[in-house]
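Using the sequences plus the hints, can you model the full thing?
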Amino acid sequence: MYGHAAELQAERSPVSARMDEHARLIQAVALYRDRAAFSRLFEYFAPRLKAYLMRAGAPAGAAEDFAQDAMLTVWRKADLFDPSRAGAATWIFTIARNRRLDVLRREGRESALPDLDLTPDEPERPDDLLSEAEEAARLNEAMRQLSPDQMAVLRLAFFKGDAHSEIARALDLPLGTVKSRIRKAMIKLRLILEPTRGQE
Amino acid sequence: MTALRHTVSDERLLAYAAGGLSPPEAVVVAAHLSFRPRTAAFARRLQALGGQVLRDLEPEPMGDNALAEVLARTEVDAGAARTPPPLNDMPQLPEPLRRLPLGPWRWMGPGVRVRDVHGPRDGACRVILLEIQPGRTTPRHTHGGVELTCVLTGAYATETERFEVGDMEEADHQTLHQPRVVSDEPCLCVAALDGQILLDGWLGKLLQPFVRM
Chain Z
1 MYGHAAELQA
11 ERSPVSARMD
21 EHARLIQAVA
31 LYRDRAAFSR
41 LFEYFAPRLK
51 AYLMRAGAPA
61 GAAEDFAQDA
71 MLTVWRKADL
81 FDPSRAGAAT
91 WIFTIARNRR
101 LDVLRREGRE
111 SALPDLDLTP
121 DEPERPDDLL
131 SEAEEAARLN
141 EAMRQLSPDQ
151 MAVLRLAFFK
161 GDAHSEIARA
171 LDLPLGTVKS
181 RIRKAMIKLR
191 LILEPTRGQE
Chain R
1001 MTALRHTVSD
1011 ERLLAYAAGG
1021 LSPPEAVVVA
1031 AHLSFRPRTA
1041 AFARRLQALG
1051 GQVLRDLEPE
1061 PMGDNALAEV
1071 LARTEVDAGA
1081 ARTPPPLNDM
1091 PQLPEPLRRL
1101 PLGPWRWMGP
1111 GVRVRDVHGP
1121 RDGACRVILL
1131 EIQPGRTTPR
1141 HTHGGVELTC
1151 VLTGAYATET
1161 ERFEVGDMEE
1171 ADHQTLHQPR
1181 VVSDEPCLCV
1191 AALDGQILLD
1201 GWLGKLLQPF
1211 VRM
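So the protein sequences, as listed, match chains Z and R. FYI, the numbering for the first sequence is 1 to 200, going by this note's numbering. FYI, the numbering for the second sequence is 1001 to 1213, going by this note's numbering.
One-sided excerpt, in silico: chain Z residues whose CB lies under 10 Å from chain R: (1) Glu43; (2) Lys50; (3) Trp75; (4) Arg85; (5) Lys179.
Quick list of simulated restraints, FRET-style, between CB atoms: (6) Z/Glu166 to R/Asp1089: 39 to 49 Å; (7) R/Gly1135 to Z/Arg33: 55 to 65 Å; (8) Z/Leu191 to R/Asp1056: 20 to 30 Å; (9) Z/Glu134 to R/Gly1103: 40 to 50 Å.
No wet-lab data here; the hints were simulated from the structure. Because the structure is a prediction, the values reported are computed rather than measured. Cβ atoms here follow ideal geometry from the backbone N, Cα and C, with glycine treated the same way.
Below is the structure:
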């Protein structure tokens, strides 16, 4: 029951004190197969996942199936969620992102395509290690510093992928303007989000 | 150090983080990022931006039974084990490619062989592994669509540039391509091809009927 999630909240450590509500719900699903916790996640995220795919151009029916499948993956893979590495929304977005590639293949089965970042033990360079809270703070700062124009084009890029001509049509802008706006927004994001400068 | 040279473009990286690349392109970018930990970390940060975009979306109401249906599926699913697909026969491949099934090697000219990477397809776009022996070139060719290539071992040079392990090259249909291997070891590449490769020149015309690339 959802009581488990409340329990997690009660005995929270300094790390989980920064954890968002949704992160606690995912942990309750992982630890106790808590259906009430899952239902609350579903109520919040499924309609947004559906909206995400509809913005990407899918019809409502397919988008609803997509949202259901993605939420089933949340249930199955909840134990891979590491709240110190990613926020709940980021983790669920990543599931949707991997899932969207599967949908593109028009195949129902679980694919062997490289999934991003669902496993907690991905090696990372030490200088890139920031806590989830630090990452979230930087992200907020970055989003504050982007212009509304840049934010609009980034948002659309998340829905439309590399279909820059569709983004251009949606914003009624020349293709070149869309591309240069994305590049400038990415330069700003790098400056703010990357902990250290350097070469690799 | 030739850092950040021959890497993925910002637009393509963003599309990758967003899940908006075709699966074959995504496979090549994933292979490339396994050689570029800093860019890979940036891609993960872009996904956090994706999480925020997801939160900010105006919700689309789900059907009345949507939740009940998924809960019913979790019942059936309870014992389902997650078994990853088996590793393929090439331990030298980077981790993102290790569990993709591979077709047989095919001869493609002197010192050149190719094998299909099964799975990631999108219409005419697919993934291949290409191995070229030291000093050899592929036949001159042009492409129907964009070709993304990532060097996995060795190095090759085109008319103007040199590509080493981990480097990525984007070529479009205007590029006339004749990479020559400049490393002492064979050059192994993973490539996403869109459309047929058109061979050019007398050797190409000779080979075209026999070469299925």
